[in-house]
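The letter at position 175 of the sequence shown is residue 175 when you use my numbering, and the numbering goes up by one with no holes.
In case anyone wonders, no lab produced these hints; they're calculated from the structure. One should not assume that every hint holds.
If you anchor each label on the Cβ, the simulated ranges turn out as follows [said to hold, decoys possible]:
1. Asp-196 to Ala-74: 30 to 36 angstroms
2. Pro-211 to Gln-77: 20 to 26 angstroms
3. Gln-159 to Arg-53: 50 to 56 angstroms
4. His-312 to Glu-87: 50 to 56 angstroms
5. Lys-300 to Ser-389: 22 to 28 angstroms
6. Ser-12 to Gln-51: 20 to 26 angstroms
7. Ala-128 to Val-35: 18 to 24 angstroms
8. Asp-28 to Gln-77: 46 to 52 angstroms
9. Asp-9 to Gln-77: 35 to 41 angstroms
10. Lys-375 to Asp-196: 47 to 53 angstroms
With a cut-off of at most 30 angstroms between alpha-carbon atoms, the simulated DSS-like pairs for lysine-lysine come out as follows [unchecked claim]:
11. Lys-265 to Lys-320
12. Lys-257 to Lys-85
13. Lys-112 to Lys-227
14. Lys-85 to Lys-265
15. Lys-375 to Lys-6
16. Lys-315 to Lys-345
Positions of the beta carbon are idealized from the N, C-alpha and C atoms, including for glycine.
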Amino acid sequence: MYQFDKAADRRSTSCTKWDRYKARYDLDNVIPLWVADMDFDCGDFITNALQLRTAHPIFGYTDPSPEVFEAIAAWNQRRYDCQVKPEQICMSTGVVYSIATAVQFFVEKSEKILVQPPVYPPFFNTPAAMGRTVVENPLVRDNTGKWHFDYEGLRVLLQKDSSIHMLILCNPHNPVGRCWARDELSCLLTICAEHDVMVLSDEIHADLVLPGHRHCSVLNLDSMLLKNTVVCASPTKPFNLAGLKVSYIVVPNPEQKKQWEAALKLTGTSSINIYGLVALEAAYTHGDSWLEQCVDYIDKNLDFVGKFVNLHLPKVHYQKPEATYLAWLDFGEARVGANFNHELKFNAGVELNDGGDFGTGGVGFQRLNAACPRKILQKGLERIAQHLSVKNITE
Numbered sequence: 001m002y003q004f005d006k007a008a009d010r011r012s013t014s015c016t017k018w019d020r021y022k023a024r025y026d027l028d029n030v031i032p033l034w035v036a037d038m039d040f041d042c043g044d045f046i047t048n049a050l051q052l053r054t055a056h057p058i059f060g061y062t063d064p065s066p067e068v069f070e071a072i073a074a075w076n077q078r079r080y081d082c083q084v085k086p087e088q089i090c091m092s093t094g095v096v097y098s099i100a101t102a103v104q105f106f107v108e109k110s111e112k113i114l115v116q117p118p119v120y121p122p123f124f125n126t127p128a129a130m131g132r133t134v135v136e137n138p139l140v141r142d143n144t145g146k147w148h149f150d151y152e153g154l155r156v157l158l159q160k161d162s163s164i165h166m167l168i169l170c171n172p173h174n175p176v177g178r179c180w181a182r183d184e185l186s187c188l189l190t191i192c193a194e195h196d197v198m199v200l201s202d203e204i205h206a207d208l209v210l211p212g213h214r215h216c217s218v219l220n221l222d223s224m225l226l227k228n229t230v231v232c233a234s235p236t237k238p239f240n241l242a243g244l245k246v247s248y249i250v251v252p253n254p255e256q257k258k259q260w261e262a263a264l265k266l267t268g269t270s271s272i273n274i275y276g277l278v279a280l281e282a283a284y285t286h287g288d289s290w291l292e293q294c295v296d297y298i299d300k301n302l303d304f305v306g307k308f309v310n311l312h313l314p315k316v317h318y319q320k321p322e323a324t325y326l327a328w329l330d331f332g333e334a335r336v337g338a339n340f341n342h343e344l345k346f347n348a349g350v351e352l353n354d355g356g357d358f359g360t361g362g363v364g365f366q367r368l369n370a371a372c373p374r375k376i377l378q379k380g381l382e383r384i385a386q387h388l389s390v391k392n393i394t395e
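Work out the full structure, taking the sequences as your base and the hints as a guide.
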């Protein structure tokens, strides 16, 4: 059994999540429940593999070994019954870098990119920074609070505007936590195929699907829908390896695969950190048990969030996600104001992600990262509740 209730202290390790407060804001004791990495120690199968590689004293240019590609293929087959061939795989330093590469090399400046907010900010920030126009097809929310694709809205957009060339899909979805079903994805990709729209599916959260749900990769759909589709994935999110800069792209179309290889080489993003390759192979070869225990702990943490919200934050609405370790909290009824995220950080000593940063549909929400020991999660939630209590009293 692995231990998730205790973890190494990340302070003073140049940690983005924990060390920025003193340097940037002269703040102490802020609980960071924002950036999407985990406060859990990596599995020993990863640290042992890295230590073994460190025993060799040379760290020169390195190519991925055949075992790396085989580990990726075997992982996708074993976990998702997904047929990925080693020859379909391109390596990349990260999913966001892969998105940037796709925008640069596959979308002309006269063409547009479609996103489905509220969604991970780089989906629209990166294309916009590269001079591409971003078009929104927002998710819709039913009367139970569940989010869905807006198929009719998508059809209308694509019928009206033939310059829309790419859709960036979040599967599973960050931040709303949907684990998209096969029929939902099939309908979405069918519409895109009818209008010759390329689909880039970010599946970095695939390994963080919670009990009772199952990830469906777009690669599991009819092959006719995959001629203009690629999948970006990585072990960095589920195994807490973001600092090692390793991910991969699955490109089913052989001709498009050649284009991706050339593009990644030109940008330098196909050159992977030695340790990233070692960690990926170790994670995908030996990580099943650790991951299952980790997801079980996260699942219980997200249940804890629900219980806490019900007891202490009655005006906050929370629907447990189907995937990811991210709680998408609706503070709309609490009437917290536009500066609430700032107030939490500087007055309450807890940092979340402001929902407005996720685009249309995100205003009034805060994203909370529950991938930490429960005592840290509890302390952060208590600070939010205390801040709201004091705020209500003073108002």
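Hints and how they fare:
1. Roughly 33 angstroms separates the CB atoms of Asp-196 and Ala-74, a value that falls within the hinted 30 to 36 angstroms.
2. Checked against the hint of 20 to 26 angstroms, the pair Pro-211 and Gln-77 passes, with Cβ atoms roughly 21 angstroms apart.
3. Between Gln-159 and Arg-53 the CB atoms are about 53 angstroms apart, so this pair conforms to the stated range of 50 to 56 angstroms.
4. The beta-carbon spacing between His-312 and Glu-87, approximately 53 angstroms, falls within the hinted interval of 50 to 56 angstroms.
5. Range check, Lys-300 to Ser-389: about 26 angstroms between beta-carbon atoms, so the 22 to 28 angstroms window is met.
6. A hinted range of 20 to 26 angstroms holds for the C-beta pair Ser-12 and Gln-51, which are about 22 angstroms apart.
7. Between Ala-128 and Val-35 the C-beta distance comes to about 21 angstroms, which sits within the given range of 18 to 24 angstroms.
8. Checked against the given bound of 46 to 52 angstroms, the beta carbons of Asp-28 and Gln-77, roughly 48 angstroms apart, stay inside it.
9. Between Asp-9 and Gln-77 the CB atoms are about 38 angstroms apart, so this pair conforms to the stated range of 35 to 41 angstroms.
10. Separated by about 52 angstroms at the C-beta atoms, Lys-375 and Asp-196 satisfy the suggested range of 47 to 53 angstroms.
11. Distance restraint check for Lys-265 and Lys-320: the Cα-Cα separation of roughly 41 angstroms exceeds the 30 angstroms cut-off, and the hinted pair is therefore not satisfied.
12. With a C-alpha separation of about 12 angstroms, the suggested pair Lys-257 and Lys-85 falls inside the 30 angstroms cut-off, and the hint holds.
13. A distance of roughly 19 angstroms separates the Cα atoms of Lys-112 and Lys-227; the hinted pair therefore holds under the 30 angstroms criterion.
14. Of the supplied pair hints, the one linking Lys-85 and Lys-265 holds, its CA atoms being roughly 21 angstroms apart against a limit of 30 angstroms.
15. Distance restraint check for Lys-375 and Lys-6: the Cα-Cα separation of roughly 9 angstroms lies within the 30 angstroms cut-off, and the hinted pair is therefore satisfied.
16. For the proposed pair Lys-315 and Lys-345, the alpha carbon gap of about 20 angstroms is at most 30 angstroms, so the pair holds.
Checked against the numbered hints given earlier, this structure breaks only hint 11.
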